[in-house]
Amino acid sequence: YIGISEQGYERVPIPDHSNVGRWGFFPLYPMLVATIRVIFPFQTILVATITSIICSYAACLVAWPLLDKNMRAYVLYCAFLLSGPFSFHFTTFLSEPLFVLLTSCVFLALKRSSYLAAGVSSALLSATRLVGVFVVFATVIQMFREHRQQGGSTQSFPRWVLGRPDLLVAVLISPAGLFAYILFLYLTVGDGFAFLHVQRAFGRVA
Numbered sequence: 235y236i237g238i239s240e241q242g243y244e245r246v247p248i249p250d251h252s253n254v255g256r257w258g259f260f261p262l263y264p265m266l267v268a269t270i271r272v273i274f275p276f277q278t279i280l281v282a283t284i285t286s287i288i289c290s291y292a293a294c295l296v297a298w299p300l301l302d303k304n305m306r307a308y309v310l311y312c313a314f315l316l317s318g319p320f321s322f323h324f325t326t327f328l329s330e331p332l333f334v335l336l337t338s339c340v341f342l343a344l345k346r347s348s349y350l351a352a353g354v355s356s357a358l359l360s361a362t363r364l365v366g367v368f369v370v371f372a373t374v375i376q377m378f379r380e381h382r383q384q385g386g387s388t389q390s391f392p393r394w395v396l397g398r399p400d401l402l403v404a405v406l407i408s409p410a411g412l413f414a415y416i417l418f419l420y421l422t423v424g425d426g427f428a429f430l431h432v433q434r435a436f437g438r439v440a
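Everything in the sequence shown is counted per my numbering, starting at 235 for the first residue and increasing by one.
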C-alpha cells in the first residue's frame, strides 16, 4: 500500500519478484492516503496510521444509529473493534478500517432507505476490496423487504424497482468502483483482471 500510495501501480510486474505486481491491492485506500499527503506532507506511514485510526473511530460513530442507540450493543461493538485481539489491523496501513467504515455507511443508509447514499457507499466499498462488490445483494434484499412491507408481491417487485429511478441508480452504481479499477488495469496493464491473475504469484489459483 505504501508503494501504491507513493508511486502508483506498475505497468509491468516488479523485476526479480516472480512476476509480482501490486494489482491485487485495491486502489481507494492508498489513493485516499496519497490525497491527504498532498495536504499534509508527512511520511506515508504516519499519514496512513492516523487515517486508519480516524476511520476506525468514524466507524464507531456510524454504528451508534445503526445499532438503534443500544448502549450495550454499541459498547461491545466498539470494544471489539478498538481493543479486540485483531485491532492492530485498524491502526496501520491496511484497508480494514475504511472497509468497515464504508460497510457501516451502506447498512445505515439502507436502514434509512437512503438508497442513493447506499449506492455511493457501495461503489466506494467495491474500490476498497473485491468482496465489497457483493454488498449490492444487501441493497436488493432491503429493497425487496421494503416492497413487501408496502404490500407488494414478489411478482411485482421488478416493476416496482423499474419505476423508481433512485433504486435503479443505486443498484447500477454499486459495483462502479470495481468496474473503474478493471478499466484502469485494462488501459494500463492490458489485463482488466490482473488483480485476480496476480494471485498466482502468491501461490493462489485465480
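Simulated from the structure, these hints should not be mistaken for lab results. Treat the hints with care, as some may be off.
As the list claims (entries may be wrong) - Calculated cross-link-like contacts (lysine to aspartate or glutamate; reagent style EDC-like; alpha-carbon spacing at most 20 Å):
id : residue 1 : residue 2
1  : 345       : 425
2  : 345       : 380
3  : 345       : 302
What the hints assert, rightly or not - With beta-carbon atoms standing in for the labels, derived distance ranges:
id : residue 1 : residue 2 : range
4  : 418       : 303       : 39 to 47 Å
5  : 292       : 272       : 42 to 50 Å
6  : 368       : 309       : 51 to 59 Å
7  : 385       : 236       : 32 to 40 Å
8  : 368       : 394       : 18 to 26 Å
9  : 273       : 390       : 32 to 40 Å
10 : 307       : 273       : 54 to 62 Å
Because the structure is a prediction, the values reported are computed rather than measured. Yeah, the Cβ is synthetic: ideal placement off N, Cα and C, and Gly gets one too.
Verification of the supplied hints:
Straight-line distance between C-alpha atoms of residue 345 and residue 425 comes to about 38 Å, which puts the hinted pair past the 20 Å bound. Taking the CA atoms of residue 345 and residue 380, the gap is near 10 Å; set against the 20 Å cutoff, the hint holds. Under the criterion of a C-alpha separation no larger than 20 Å, the hint pairing residue 345 with residue 302 is consistent with the structure, at around 10 Å. In this structure, residue 418 and residue 303 meet the distance hint of 39 to 47 Å, their C-beta atoms being roughly 41 Å apart.
In this structure the hint that residue 292 and residue 272 lie 42 to 50 Å apart at CB is violated, the actual value being about 21 Å. In this structure the hint that residue 368 and residue 309 lie 51 to 59 Å apart at CB is violated, the actual value being about 29 Å. Taken as a hint, the range 32 to 40 Å is violated for the pair residue 385 and residue 236, whose Cβ atoms sit roughly 54 Å apart. A C-beta distance of roughly 23 Å is found between residue 368 and residue 394, which places it inside the suggested range of 18 to 26 Å.
Range check, residue 273 to residue 390: about 50 Å between beta-carbon atoms, so the 32 to 40 Å window is missed. About 36 Å separates the C-beta atoms of residue 307 and residue 273, a value inconsistent with the hinted range of 54 to 62 Å.
In terms of the numbered hints stated before, the structure departs from hints 1, 5, 6, 7, 9, 10, listed from lowest to highest.
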